[in-house]
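Listed below, chain by chain, are the residues.
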Amino acid sequence: EDQVTQSPEALRLQEGESSSLNCSYTVSGLRGLFWYRQDPGKGPEFLFTLYSAGEEKEKERLKATLTKKESFLHITAPKPEDSATYLCAVWEANDYKLSFGAGTTVTVRA
Amino acid sequence: GAVVSQHPSRVICKSGTSVKIECRSLDFQATTMFWYRQFPKQSLMLMATSNEGSKATYEQGVEKDKFLINHASLTLSTLTVTSAHPEDSSFYICSARGQGFYEQYFGPGTRLTVT
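Taken in sequence, the protein lines are chains A and B. To get the working numbering, take the position in the first sequence, counting from 1, and add 23. To get the working numbering, take the position in the second sequence, counting from 1, and add 35.
Just so you know, these hints were derived from the structure itself, not from any lab. Idealized CB from N, CA, C, for every residue including glycine. Some hints could be false.
Stated by the list, open to error - Covered stretches of chain B (chain A as the covering partner; in silico rule of three or more C-beta atoms under 8 Å from a C-beta of chain A):
| # | stretch |
| --- | --- |
| 1 | 69-80 |
| 2 | 138-147 |
What the hints assert, rightly or not - Chain A residues, not near chain B, derived (Cβ > 10 Å throughout):
| # | residue |
| --- | --- |
| 3 | LEU34 |
| 4 | SER47 |
| 5 | THR49 |
| 6 | GLY52 |
| 7 | ARG54 |
| 8 | THR72 |
| 9 | GLU78 |
| 10 | LYS82 |
| 11 | LYS91 |
| 12 | GLU93 |
| 13 | PHE95 |
| 14 | GLU104 |
| 15 | ASP105 |
| 16 | ASN117 |
Construct all of the structure, not just a fragment, from the sequences and the given hints.
Written as structure tokens, this is what we have:
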């Protein structure tokens, strides 16, 4: 059973059209939930860490939120440069590694 | 802060030769380093985890004699692909985590092509 599920797989947006990406997770204890951005041919770039339900983090047009079962990454008024694959990962208590979702590929058209 | 570098960014080698990839944490001490492999349009697959001065822990299905990992210092880990074959061609990415913080910071990746 997958621990981390991201939806949708792909998202095509018009510039300025706000939207949200979902990351649902099933772990027995959450040590942290992480959002990364990955551009083609590059390593993931760290965006946010969320530790507990109710927590929110913001950076420019991105806002990440966390509940007990899922996290959302909101993109407000996106620009073409926000086009990338966004990866969600969870660090479960008593584990040494991250569990990654499959990612959501966002394409923003001008 | 929290910058991780990898070298080389691209490498092409002949089948049967060995290739070494370096991963460095530039502005923090990495107590734990991770090596991932990524296939086209897929997510990251963890290959192994290493702690400074200790032997690496390999994930199930990863051949430890083929993918040699050395974490000799708090800022450097190396991955050596021994006797490379075309099926080893892939995008290899390292990440590092420092003591006292939870985040993993990733390097830019190395594209390996075995001909």
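So, going through the hints one by one against the coordinates:
1. Remark: the stretch 69-80 of chain B is confirmed as covered by chain A, as 4 of its residues place a Cβ nearer than 8 Å to a Cβ of that chain, reaching the required three.
2. Chain A is given as covering the stretch 138-147 of chain B, and this holds because 8 residues of the stretch bring a CB closer than 8 Å to a CB of that chain, at least three being needed.
3. Residue placement check: LEU34(A) keeps its beta carbon more than 10 Å from all beta carbons of chain B (closest about 15 Å).
4. With a minimum CB-CB distance of about 15 Å to chain B, SER47(A) clears the 10 Å threshold, and the non-interface call stands.
5. Even its closest Cβ contact with chain B, about 17 Å, leaves THR49(A) beyond 10 Å, as expected for a residue assigned away from the interface.
6. With 10 Å as the threshold on Cβ separation, the claim that GLY52(A) sits away from chain B holds: the shortest Cβ distance comes to roughly 14 Å.
7. A cut-off of 10 Å between C-beta atoms contradicts the statement that ARG54(A) is not in contact with chain B; the least separation is 7 Å.
8. Not every Cβ of chain B is farther than 10 Å from the Cβ of THR72(A); the closest lies at roughly 6 Å, contradicting the non-interface assignment.
9. Listed as a non-interface residue, GLU78(A) keeps its Cβ farther than 10 Å from every Cβ of chain B; the least gap is roughly 13 Å.
10. Interface exclusion of LYS82(A) from chain B stands, the closest Cβ pair being 14 Å apart, more than 10 Å.
11. No Cβ of chain B comes within 10 Å of the Cβ of LYS91(A); the nearest lies about 18 Å off, and the non-interface call holds.
12. With a least beta-carbon separation of about 18 Å from chain B, GLU93(A) lies farther than 10 Å from that chain, consistent with its non-interface assignment.
13. With a least beta-carbon separation of about 19 Å from chain B, PHE95(A) lies farther than 10 Å from that chain, consistent with its non-interface assignment.
14. Listed as outside the interface, GLU104(A) is consistent with that label: its C-beta sits roughly 18 Å from the nearest C-beta of chain B, beyond the 10 Å cut-off.
15. With a minimum CB-CB distance of about 19 Å to chain B, ASP105(A) clears the 10 Å threshold, and the non-interface call stands.
16. Residue placement check: ASN117(A) keeps its beta carbon more than 10 Å from all beta carbons of chain B (closest about 14 Å).
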